[in-house]
Amino acid sequence: MRSLLFGVIAITILGLTSCQESAKKTPEFYKDTVTFDLLSDMKSLLDENADKITIDDVNNLNGAIRYYSPIKDSLIGKTIGELIEGQKQRTLSTNINLTQATAFSTLFTQSLKFNISEFQKIEQENGQPLNVPTYQFQNISGKSIVKLSGVVDYYNGEQLIKRFTIEIDKEIPADKTLNQPYPYNHDAKNQRDVFVRDNFDKLRKVWIPTMIEFADGKIYKRNPDKKGENQLDKDAK
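In this note's numbering, each residue carries its 1-based index in the sequence shown increased by 10.
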């Protein structure tokens, strides 16, 4: 009886191993070279091999075709397998960069809160008007911040109206708030300046921190315009 039981177990294991090897086996049509005829008959090819190709590989193949489509003849001569594998690598790289960007965005948002406490219109004695937004930085990181930089974007709907670069080289102790006026000359002939001054409360303001330096030497850095190019300084003390 025990021998029979062991025999059944052995057969089951062999069957599972065989199924796994079959699942890992690359479909034969992955070796097919792309031609104009193959492209025109792609649906038939995939229908015929529907039991051999995964949904992920279909999506990767579709993504690869779209990726190469703007470039004349760039698809021709490649194999189905090469297209799928190339798209897998591009997708992996993109997702790694996006995940990295998300992780660093979280670091910044959990270190600092931003607000604009007021906006003043000042007329100087020399006749040069000033616009003076006061930016509010609340340190929620739990440790002192000694330097920070970033940009503040003003949007009207989805249209970027103004961008200001912010550089602050002073300490913000843990759990404290810094109110920092940032005056700039108002140009009455500049339509964007006039629009900001007349519609400040209606504008959407977006703070994008690019660098935070802490008292312990740790530094967070990122590029405000390119996803995935954030970085954590590895020389932190």
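Among these hints, one or two may not hold up.
Lysine-lysine pairs mimicking DSSO-like chemistry, simulated, CA-CA at most 27 Å apart [claimed, not checked]: (1) LYS98 with LYS131; (2) LYS53 with LYS41; (3) LYS82 with LYS131; (4) LYS123 with LYS180; (5) LYS157 with LYS215.
Worth flagging that the hints you see were computed from the coordinates, not collected in a lab.
Would you mind confirming whether the straight-line C-alpha gap from LYS53 to LYS41 stays at or under 27 Å?
The hint holds at about 17 Å.
Run the distance test for LYS123 versus LYS180: straight-line Cα separation, threshold 27 Å.
Given that 27 Å is the threshold and the Cα spacing comes to 16 Å, the pair holds.
Holds or violated: LYS98 to LYS131, with C-alpha atoms at most 27 Å apart
Violated: LYS98 and LYS131 sit about 54 Å apart, past 27 Å.
Taking only the CA atoms, is the gap from LYS157 to LYS215 under or equal to 27 Å?
Cα-Cα ~22 Å, so holds.
Hey, LYS82 versus LYS131, does the alpha-carbon distance stay inside 27 Å?
With a Cα-Cα distance of about 56 Å, the restraint between LYS82 and LYS131 is violated, given a limit of 27 Å.
Checked against the numbered hints above, the structure breaks hints 1, 3 and satisfies the rest.
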